[in-house]
Structure formats: structure tokens, C-alpha cells
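Q: Spelled out, the chains give:
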Amino acid sequence: MSGPFRLDGGAVDRSRTLAFRFDGRSLTGHPGDTLASALLANGVRLVGRSFKYHRPRGVFTAGSEEPNALVELRSDAHREPNTRATVTELFDGLEAWSQNYRGSLRRDLLAVNDLIAPFLSAGFYYKTFMWPKSFWEKVYEPAIRASAGLGRLSGEADPDSYDKGFLHCDLLIVGAGPAGLAAALAAGRGGARVILADEDFVMGGRLTAETHEVNGRSGADWAAEAVRELASMDRVRLLPRTTVTGAWDHGIYGALERRTDHLAGSNGKPRQILWRIYSRRAILAAGATERPIAFGGNDRPGVMLAGAVRAYANRFAVGAGKRVGLFTNNDDGWRTAADLARKGVSVAAVIDVRDREPAAEVPGARIVTGGRVTATRGRHGLKGVTLANGERLALDCLAVSGGWNPNVHLTCHHGGRPVWREEIAAFAPGDGRPGGMAVAGAAGGAFTTAAALAEGHRAAVEALGGLGLSAAAGEPPGASDEAVEAAPFWHVRESRGRAWLDLQNDVTVKDVEQAHREGFRSVEHLKRYTTLGMATDQGKTANVGALAIMAEQTGRSIAETGTTMFRPPYTPVPIGAFAGRSRGREFQPSRLTPSHDWAARRGAVFVEAGLWLRAQWFPQAGETHWRQSVDREVRQTRGSVGICDVTTLGKIDIQGRDAQEFLNRIYSNGFATLAVGKVRYGLMLREDGMAYDDGTTARLGETHFVMTTTTVNAVLVFRNMEFARQCLWPGLDVHLISATEQWAQFAVAGPNSRALLRKVVDPEHDISNEAFPFMACGEVGVCGGAPGRLFRISFSGELAYEVAVPARYGEALMEALMAAGEEFGAVAYGTEALGVMRVEKGHAAANELNGQTTARMLGMQRMVSKRKDCIGNVLSERPEMNRGDGLELMGFRPVDRSEPLAAGAHFLAPGAEAVTENDEGWMTSVAWSPELGHSIGLGFIRNGHARIGETVRAWDGVRGRDVAVEIVPAHFLDPDGERLRG
Amino acid sequence: MAEFALTARTPLDGYDRTFGGVTLAEAAGLSLVSAAVPQGGDDAFAAALAEGFGASRPSTGEWVPGDRLGARILGMQPDQLFILFEAPDPDRAAEAVSAALGPAAYVTDQSDSWAMLRIAGRGVRAALERLCMLDLDDAAFPEGRVARTVMEHLAVIILRDGADGFLLMSPRSSARSFLHAVEQSVATVSG
Amino acid sequence: MLIDHPLLGPRDEAEFVILGDAGLIDRPDWQAEDAAQLFHDYLHLRDNPAGEHRELWFHEQGDRSWLVVTRNTLTHEIVRVELARDVAIARGRDR
Amino acid sequence: MRYSALQILRQGLTGNRGWKPVWREPEPKPHYDIVIVGGGGHGLATAYYLAARHGLTNVAVLEKGWLGSGNVGRNTTIVRSNYLLPGNEPFYELSMKLWEGLEQDLNYNAMVSQRGIINLYHSDGQRDAAARRGNAMILAGADAVLLDREAVRKKCPFLDFDNERFPIMGGLWQPRGGTVRHDAVAWGYARGADRQGVDLIQNCEVTGFDIRSGVCRGVETARGTIGADRVAVCVAGSSGRVMGYAGLRLPIESHVLQAFVSEGLKPAIPGVLTFGAGHFYISQSDKGGLVFGGDIDGYNSYAQRGNLPALEHVCEGGMALMPMIGRARVLRIWGGLVDMSMDGSPFIDRTPIDGLFFNGGWNYGGFKATPASGYCYAHLIATGAPHPVAAEMRLDRFERGAPIDERGAGAQPNLH
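Protein chains in written order, with this note's numbering: chain A, 1 to 982; chain B, 1 to 191; chain C, 1 to 95; chain D, 1 to 416.
Same shape as in the complex, but just chain A (with noise of 0.2 Å):
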């Protein structure tokens, strides 16, 4: 037997024994307990401290609707804070620790507040700490933060984890109690799809807690039954330790399965995994939970919600105290004592605030009808109450039950609110609710047992109806009606000492006064006020209590009164199931360029481009810094010939009779008169006459075109070239595919371009200048006979070429490239040596081409065509687009060759004041230029055409730097393109 406080019976596995730690201390439970069952086992009492007044708590439910119970579970990078002890199954070599004080749990410092409570009542922190000023954020609110939330995080990284799925079903069945597995039955037997899902580790719901019978035998072996026969449906799936946490649109539920939490470890596999479940019906069949009374004292560790007391009795077979009294204004109160009696557990005491006769049979209880517990005693725990009649009762744990709320949670997600049902003095499910959702059992009001297991199979059965599916006919499982009588009873009006509502955030009925008293009288002010219901366990146990106080002040009803919304999650859900396996180098995927491998085999630097790698620089030998690299790179290329992987550039291939018409409508500058093998540079507009991508497209035949874009904008382009051709001109015979990733493509450029060409372009393909002149493109036979086509394009300013094969090709072609270039010196290049030498020639690229640039603020004012319909041509004529002191695009030099400039600067005029109104545009793009010896940068300046010559400041505040630069035309090398097309 483990611990003091173990009864017989019950369905823990007696046969073998698990040790466990809480707060250090060695203790020992059974297979079948909770952490909180086999803490009650052993008599501990106390386990934690409240948030605000640091208050001694004790276990206060047995399920997850626990504000008390709450531990840091597990070690290290695995500790798990707020983990409630009342749904932790226990495993052997489980550690658990308290939270939530400072000192020991028994002498906590900050219990210091509970002394000064009077002054930390609702909203006492926006009345002051305003004085001095300072003072604010340098002492309280460091003082305040210090004290904030409950338990801590690792602080390292979470060494778990975790995975999704995708379920399909026909119904899908939230709780496996009476009314649930009634309904699986019947839906089962019928043949239909059905996922029958449970928070709890043992199916069955309050059946594994109660002594009622089905079918003539004891509930929990019906339970245990129905559940062997669902397991061996195969279109039936059976989810334990699983919580629907929300719902979402057209029937989609998330669902938390706990995979390896009743573990030592997860040694591998996903610790928890996050369902998506498509059901075309669901039944709420998610029960109710009990609701306590308000009265003085009765946060003490040992107050208990009555029915938990008789699940631990019953289910796990543990006495929750030696002598234990019951406080309750139901019939199902009374159960509690009956069953606690019948375990042997002394019922010292039984006080109903109904005046009436007794609804049970309690041997030795002192039975007072129409009492009130007006106070406890006991410092870590319950030592006895006193009664409104001045009796004083010795006990160790009293059992309250103020009735008990259907949990109606997600019948709300979707905006519904639930509504006040005077016979059940309740909320239940209203109008509103998630479209295809049917509520069965205690979660609809219907509290007994046989009326449970009627509706859950009366659900099921209409369920399947309206999907023109057959559920099993016949008659639902049988049990007798028992009692559930209740009369309504919120808080002992003649407490003496404070009454709790909300345990976890200390919220007592006078704080509920004292908001109405300050006019927070709808319930948000209420809750956002008081902070009422706004704990870890989202106010399950709290708010119908503070709701119908605040009625009471008010002179409302409770229907009036109205109720706060219930969102997702139903029970909180760890960040990092809802993320899966979306984090480190698997957040997102990595795109590789064909040449990856080869470049990473020379050395070669990557960087992130997209969600591509690409080469950004391939340091040598003796190189120690990337300058060093990148400037050998250029010199390399301009001086002799470099090869670039450029396969990212997104590729687009298009045909179709109207083809030519629709690119000349895509792009803004002309397209109706490019010819076939020609090439030609195209300018993009969104509609709003903004600039927003730039490429080349070639013209490989009458009816075939192949587009090229920018490697951020290829997927973005797809999509709009789509919509222009099924939504705007869907008479065009035009048709698009992607071809980015079919095509390794590799930009060949500098002088001796074309001799390297030469050796690998198959001899029958005549690309002399005069043959292959600039803006020229065909399909040419590569090394043999490969395919391949061949552009003659240059973005380096170089005479250049791209070339491109077949990506299976790609890797072999660029070690032939380098091979046939070995006699000139050929250099790899990557994309920093691409953007020195475009900045070099002034090309826009993403810098420039950021969304909030015209064409004409580029240069490109005269690549929008006028005389045709074209994306964005009209809009691009708004007057403050095309003001004469608009911004330029120009270049800019240090007047000082020495100092290097940096992207982000502003421009300012000499000696101007460094404030907003005398901003005059800013540094786009900077580059070392290895030709001129110096830096050179892009940038938009006012009316930078007409400044040609002029010097202003380049101002970099946030760096602390103030450069004197010179405008200067876009293009620094080779103004008139003499070297691409020799």
C-alpha cells in the first residue's frame, strides 16, 4: 500500500509500485494514479502557492480544470511549468517541484501579501506608482515583474519533439463518458467513420469515478467493455490522452494527443502530436464540471470539490482525509458522503443549505440541513470549520459541491454564447455553434447517467442520418435516473474572512463588490478588471460564482448578466505542438542550386536568398577576409571570364497563340515586335503603377516564350501572370509552367565568355558575334549533345552569356565550365561579386525594386509604353508619381576615395539639420569597386538628374557616420555598353 491515505478497491495496479520525487521528497504511487492521487495518497496536502497573495493550496479537482495543483514537472531542459498534478499520470522516477514562492513552500516570503491584502484589491496597481515618475519603471514595475506569472521555463531549448497529422472522419466524438461511448456504439456498429477522442488516460469519464450501474453491471466495466469492442472496428479510432482544444471552420478540430507524457522520456518519437480532424458531424460530449461555494476560508488545502473527492475515492482509491465533511445545495453532494462511507472513510459530517429532509443515508455523519460553513481553521491545511450556527467541526477535508456547469466550451468557438438554464441553474450549450456539432449528455444539461447514454446514442444516430449513413438501431445502454436535484447557492452571505472565487488568481467576492461598486459591471470589465477567470485554468471552477455576485449587486439576473466568451484552447497547448516540426533548420525547407554540392566541395560561403542557398563568395587559399575573395572574383571576371549559378532566378515557360499579346501586356515596355531567337529586357508593374519586377524574356518560337524573373518574385509573378489570364483576358490562348526548377542556368561573363563557350556549345552552333550577337538566344546542343539553350545577356556589363541544361546536368556542366576555362583563369563567382558589378553598372535590383518605386524614380520612365494596355499603365500616371522634384536613382562616390560609404543613409544637403523635413532620399545599395579603387553606392535622391556633380551628405546617424559624397550618373563603368556587346 502507498501512503497513509490509500483505501482498497479502485483501479490502480496495486502490483507494481513507482517511485517518485515532489519537492525533493521520495514517495511512491501505483500504474493508475495521477500525480495528485498519489501526492493525496501519501497525505500531502500543500502543494503550491496562489498567484497574488501566495496563499498555502492544496489539490482542489481531480481533472483539468485544476487552479491549484499546478508543479513544475521534469528536470532541466525538460522542465514543464503550471503542469496540473490532477491529469499528470504517474510514471516511475517522475520529479515534480511547487511553485510559485520564494524561501520553501511552507514558509514562503511573499505570503507577506496575504498580510497586506486590503491594499492589493482588484486594480489596485492603476491607482498608483505613478509617483515620482522615474520611480515606475526603475523600482515598482521591476518589483512587480519579479513577482509575475507562476511557474519558469528552462530557459534552453525544448529537447522534444513534436508532430501533426491529418485525420478524415465521418463523426467525431469530444469525450468518452457515458454519452460518448454511447455514441461511438451506435456510429460504430452502424459502419461509419468515427474518431472518439478523451482527454483523460482511461476512457469512460465519470463512469471511472462513480459507483452507478449500466446495463446491470458497474459503470466502469461497461466502460472498459464498450471499449474493447470499439477497438476492434477498424473505421473506428480510439484517441486517449487526447483534448479537442478548438474548433475551427467546417468541422476542422485540433486535437492534442499526448504521446509520451506517461513517460520516463519520449526516447525519440514526438512527445505530443497536433491533430487536424476533418468531420463532416461532431457530438460534444465533453460532460460538466463541478462548481464550488464561496465561503470564508475555503481556499485551504483540503477544501475539495466534492465529486473529486469521490473519483479519488472510487477510481483511485484514496481517502482525501480521515475525517471529511461535505458542504454542498445538490443531491449528488450527498453521493460523495454515501460512497466515502461505504469505502470507510469517516463522514464526520454532512451540511446542506437546503432545508429539507436527507437525500442519503450517512452512518455516524452529523447531518445539518440548511447550514452554511461560514469559516475554516488550519494553516497548511484544513483543521475544521465553524457553521452559521457557531458549530464548530473538526475536519481534514471537506467535500463542496455547488452543482456543476456543462462544459459548453466549444460550442462557443465559433461566437455562440451559451444560455442560462433556470432547472439546471446552469449554463448550456446556445445558438450559435459550430456548424455540424451536436451536444449529448451532462455537456447539454443532462446529468444522469441514463439520460447521458440515451442522448449519446439518439445524437449519434441523428448524426448519421443526416449524412445518409445508417448508425446500429436499437436500444442505448440502460441505467437509473439518480437524483441530481439542485438549488441554486453561490456564496455564504454570513462568512467571516475572505470568500474565493477564482482560487488561482485570488479573486474573492469582494472584489467582485468592489468592481461593480467601481462601475466594471459587464462581465469583461469584470473579468479584465479583476482578472477574474484569467488564470491557467481560464476561471472553469470560478466564473458562474463571480457571475451570479455580480447579478446579486447588480439586480440582475444571471441570464442578463450575461457570460464571458470561451476561446480556444480548451486546455492550454504547448507553443511548440502547434509549431510541429517547423523549427531550427526545419522551419523552412532549403532550395539548392544544381552547382550546391560542387560549391560546397570549393569552400564556398552560402547565404540565404529566399529560401534558396546560394554561393555568396568561394574564398582561395591565403584569402582571410571576403574582400579579399569577392574583389579577386570581379577582377577575375571583368579581366578574364567568371561563371555564376543563376538557376534561382525563377523561370517561366509560356506558349500559346496570344502568347506575344499577353507578355505585351504583362510587361510595361513593348513586347509585340521581340522576334523569334531574340532576347529582350521587360519591366513589371503591379497595377498601382508601381515598379515591382524585372527579367528578360526570350523568344524561343512563334507560339514559345521563356520568361525570367527575380528569384524573390517568381512565385508572386506566377500567380499574377494566372490571374491576368483566367480572370482578366480569358480568351487568350496563353499557358503558363514553371520551368525554375527544370533548368540549371549558369551566367558565363567577361571578355573571354565566349572562347570558354566555345569549347563547351557544340561546334555545329555558330555563336560569333556577328551570329550570336547581343540580345540573341537559341537552342544549342551542350558537351555532346546535351540540350541546352544559350542567352546572350549580361548583367554584369561584361560580354556574357547564360547557358542553361537540363538540372540533372547542372553540376557536370558547371565543373565543365571550369574545366574548359581553366586556360583563362576562370573564377567561380557568387552573389556578392554579382552585386559589386551591378552596382558598378547601376541594374536595380531588390534594394532599388522594393515596392515603393516608379519607373521613373528608376530611369525607366520610357519602358511604360503609353500607346497599349498594360498593368498598371494608368495608375502609374498619378500626379505625385511624377512630380519634377520627384526621386532619382543616381550614383554616388566619396568626395574623400577613402571613405567607404554604407546602405541606409540618408541624404542630407551640407550643414543641413539632421530632422526629417530636410531628408532628401537615401543610400539604396554600396560596393567596393575593385576597378575604380573606391566605394560606389545607389541611392534615390530628389531631382538627382539635374544635381549631377553636386555634393551632399550621406548621413548615417544610427552608425554615427556623416560622408561627403558626389552625385554622380547610375553607372560607373562602361556608360555605353561598349564591352557586351564586343
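Don't read these hints as lab results, they were simulated from the structure.
Owing to the predicted nature of the structure, the values given are computational and were not obtained by experimental measurement.
Among the hints, erroneous ones may be present.
What the hints assert, rightly or not - Listed below are the simulated BS3-like cross-link pairs for lysine-lysine, each with C-alpha atoms no more than 30 Å apart in a straight line:
1. K266(D) - K510(A)
2. K266(D) - K127(A)
3. K266(D) - K133(A)
4. K154(D) - K133(A)
5. K154(D) - K138(A)
6. K133(A) - K155(D)
7. K127(A) - K64(D)
We have chain A; now place chains B, C and D onto it with these hints.
A: For chains B, C and D alone, coordinates are given in the frame of chain A:
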């Protein structure tokens, strides 16, 4: 004989591995060519498809076998189909389809755009339910169905070609991320 | 959300990209007298009803169809899904 | 009743029975000089500044629900002035300065907590953009510091610097940025306005305008017609719906923005952090909850709730950036109704209808703007002229071709 020769490399380097009851293997040696149907050319296309591949045109979301070159015709978009087949000369796959369909279709070679992975065996669906949003139940996604969808942020074409067999295609550049995702799912559910 | 694709049946929202108001199909005539005003209104003054809204979704991770989805913005209920190409043709768009 | 430590002491000793209501619950009068439609943060701030700065107190604020039930009660509480464009930055810097004096101004502690905000950058391009932005901030009188990777590591050692997909290169830090207790802002402004005689009328939905010959003379409400010389609308996500009553179409769409709060945890995160390679930002509240969010769902919605893909996307960003939060649990998820504009920037302007003013288009950034929005809106309503720092926030800017497009995303609300 040219001075340099190009050797081909497949996206998954011939990957082939078995986990418990599930086999993962790169599907190599297949060519893939897209065929777009010119506006107003549906009848001509149907005729050409019957003539060239002995297949009737599948509707979007379905695939049908042809009677030569092991061809499978995939209905990918309302006006675009994929032809998956064993090309006599992989370097001339698009030409082969052009030859077969003539002017009835605009063709584009897609063979190198996709990494192709065949996944088969008991437990295949247990593995795929960790990746795939689609309902792969026999009734909902029987043999003969094909779909483009997304798995772990990656575009994937999934084609069912057996009771326990699927062909997965994902873009070549992210093939390693894709393989990693599938491997992880299979490993998690097997053993 | 699930979008009941007219060709493919229900598919998860995650496969789609939304553009917005289906009014974007009705692109004005660039040569109209008041083209500037028409294009301004077309692009910037879109329907934004609290209720049924016709909107454009692109099945990017699917069959690449643009769809016109009629969806209630108060409840997210989807009452109709059409191929945008059919809608565009019905609204007189051609070449 | 003036709030002070002494007051708390006095009340505490007498059982906290002496506290007075923070605002009256008046019946609407038949006519006001100014009627403000919308009792959210911006509406209440506008009423407060009309009274406090312009001496206009014959003012009513009409709220269809409870005061502060708009986005002021449903946001991630971040305040910052780290904008790029001259049409925005001076406005947000004014807002920041008003935040800094708020407690004294209102005699209400809204817990303005300037623990700083860091926008991380992950590429050279993002660094250049951060520098450009930082410089723009300093030019406008704000504070900005460009941090390198090591400086970020020193402040936030828990970020993923080892197994990262998009390496953290550094961040743009605004030390004066931070968070504010959002509900208290609404309550503080409400109390301040009420104390100066402004009528705050709850559960009073506006159902139409009284417009005669192009002049707005009042509003129709659930509680009858209320006359007004000037009607000022600021209803955020309901802008389209409400201005529709006046027959006006707006360059605004209503979208849902989800936000999240975790269970209470001991302090783990300094200030506010924003991921530059994914949609994720986070701070920690004075109660210990991790408050975080990301991108909007993307579709038009008035439902005030979103869906799983957007939620999972945000958490993926969080785990990529700071894997230590994996075991922290999401406690509450809510959806804010946000008024996304065509360029991601707001409007504070008159309308073509005389006497009818409009304030909206705050996208997901309205909370930080609350003080300046109220201040500038009050200025416009009282003087008839736009406040200099809000002079660009005009409804006609798209016709003129002068959008204020911080992201360069164009006329596409769900991309801003």
C-alpha cells in the same frame, strides 16, 4: 567526340530504403512532360491523346494509363496534363510527346523539375497522415487519383498507384528537405 | 477552412492564396474617358461587406485554378464556389 | 476621486467600500456639439483630448458594447515609433511622447513599460533596410540603435543562434519601445473624459447618420436619434460597415488578426522581439503571460476569430526564433477585427460630407497610435485643420498617387 561530357545526377541520388513495413525508393528513369490544351482544341487533343498514347483524357485529379511507353496521363489542371512515361531518349522527352500529340498540345519538359519518390507497403497511410492533408481513404482517394497539395511547406504531387502504394513528386531543388520530411514520418510510425 | 473546389471537392484553406474582392475581375477600360478614376476605384475601393462576400482564391498548391468563393464574413460559411475563369467570361471578359 | 497610494491606504483600511465609479452612466442628451462614434481606445482618447486640450466638453462617445470592447481590449499591447516613412514616423513619435506622459496626464497607471523593442534582421538587405529605418527614426526625433549579432546575443541569449535556418545578423533596437496595459488605456482615457463632463454611453449602437443636403447633423442609434454639429467616426474594423451608412466606400478591408497569450511564467523575455524571417513577435506581460502574434489570416472577416494555418504559422516562427518556449502553453487565442488599408497606413481626415469626420485604417497597429490618434483627431475636429504630423493621412492619397506604403506591398491589404 566533345571535349567534355555531361553525366546526369538524379535529385535523390537513387535513394532506396526500407523502414519496417514501408519502402521508400527514388523513382528514376521516368520522364515527365506537361501538355497544355490550346483553347478550343479539346477535341483535337482527345483524338491526339488516343492516337499518340492510347489513352482517354483524364479529368483534373485523375490519372489514366496509356498503352505505350508505360505512359500515365495525369490531369493536373483544367487545361494542362502531365505525361509520365519512359522516354526512349530522356534528352528528347518533350520532342517525343510533341511527336505523339502534334499541334494538339503545347509541351514542356518537366522531367528535371521534380524529385520522384515511391512509397509503398503496410503502414504507408499511417506515415502519410503525418504529412498529407488529403483524405487518402480507399473511398476518397482510390487508385487512379492524383493531386497536387502541400506537405511540410513543400509542394507535392501525390499519385496513388496501388493499394498500399503512392508516387510522390516534389520540386527538385528542395528534394533533400522533402526526403527528410517523408523519412521522419515513416520512421516515427514504424517500430 | 475548407473550400469546396468545383473540380476537386473540399480542400484545405492551406492550399490556397486569397487575393480578395472578386470585383478585381472587372478591370476597367484603359482608354475610357475617366480611366484614372475608374482604375483608382477598381483597385482601392473594394467591397468589404459584413455578410456574403465574393472573393478570389488561387489554388496555388493545387490545380492552379483561380476561384470565386462566396463566403459569409460574419460566419465564414461558404455558400458557393465557382471557377473564376467561368465567372470572368460570364461577365464579358474575353481578349 | 483622485488616485494615490494614500487613497489606497485609506480605502484599504475601510474595507475598500469607499471607491467611487470610474465613470457615470448617463442617458444620452438629444444634442451634442460633437458625437464620437466608437468607445474604443481611439474614440475615448479623442474625447479626452477634445476636452483637455480644446475645452470641448459637450461631447458624447457612443459605444455599441462596453467601453474598450474594441481592439484596445484585444491586442498585443506593443508601443513603438519605429516607422520608416515621413508620412508615418513623426506621428508615431508624437504618440510615443504622449505615452511617456500618460500616467501623470490621466492620474491612472496604464503601466507604460519601456523595456525596448528589437526588430531582428537576417540578411544584408534587411540590415540596409533597418539602417534606413533607424536613420529615419532619428531624423524624426525618435531613438534607434543598430545592434549586431553579438549585441543581440548579449540581450537575448535564448534566441536560436546555432541551429537557425535564417541566421540572426542583428537587430534594430528602439529602447523607448515597450508595452502598455491595454485595458487600462481605455479605462484611463474614459475616466479622464468622464471627469471633464464627456458623456460615455455604452450599449448604444449607431445604426445610421442624419445627413441632410450633404451635411451630417447627427446619428441614428439603438437609443434614438442624437443630434450633433460634428460627428467623428472611429470604429476600426467596423469602418466599412458604419461609413456605409453614409454611403461612402473606403480603401479599407476588415480582416482578422489572431493573437495569443501563454500561461503565466516567471520573467523570461526582455522587452519586445520581432522575428525578421517569419511572422512572429512577442513580449511578456506584467502578469507573466507571453503575449505574441504574427500575420493576419488574410481573408476578409468580421467574425473575430481565425483559423489553424495562421495560428500554426505564428508558432512555427516562435519555435524557429526561440525554441525555449516550446513547453510554454498557449492559454488564450483571440481574433481582432482589424481595418486593413490599401497601403497599410491610417486615415485621419474629413469626409465629402460636411460635419462628418473619419478615423480608421489602423491595420494591426492601432494600439500604439491611440494617444496620437486621439490627439490629432481632436485637433482636426476642433480646428478643422489636420495636425501637422497627421497631414499625410488623407483619404485622397491614392488618387493623388501618394500612398504611405511602409512595406512596398501595393494596394493589397492582406500583404501589409
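Q: Checking each numbered hint in turn, tell me which of them this model violates, lowest number first.
A: No hint contradicted; all consistent.
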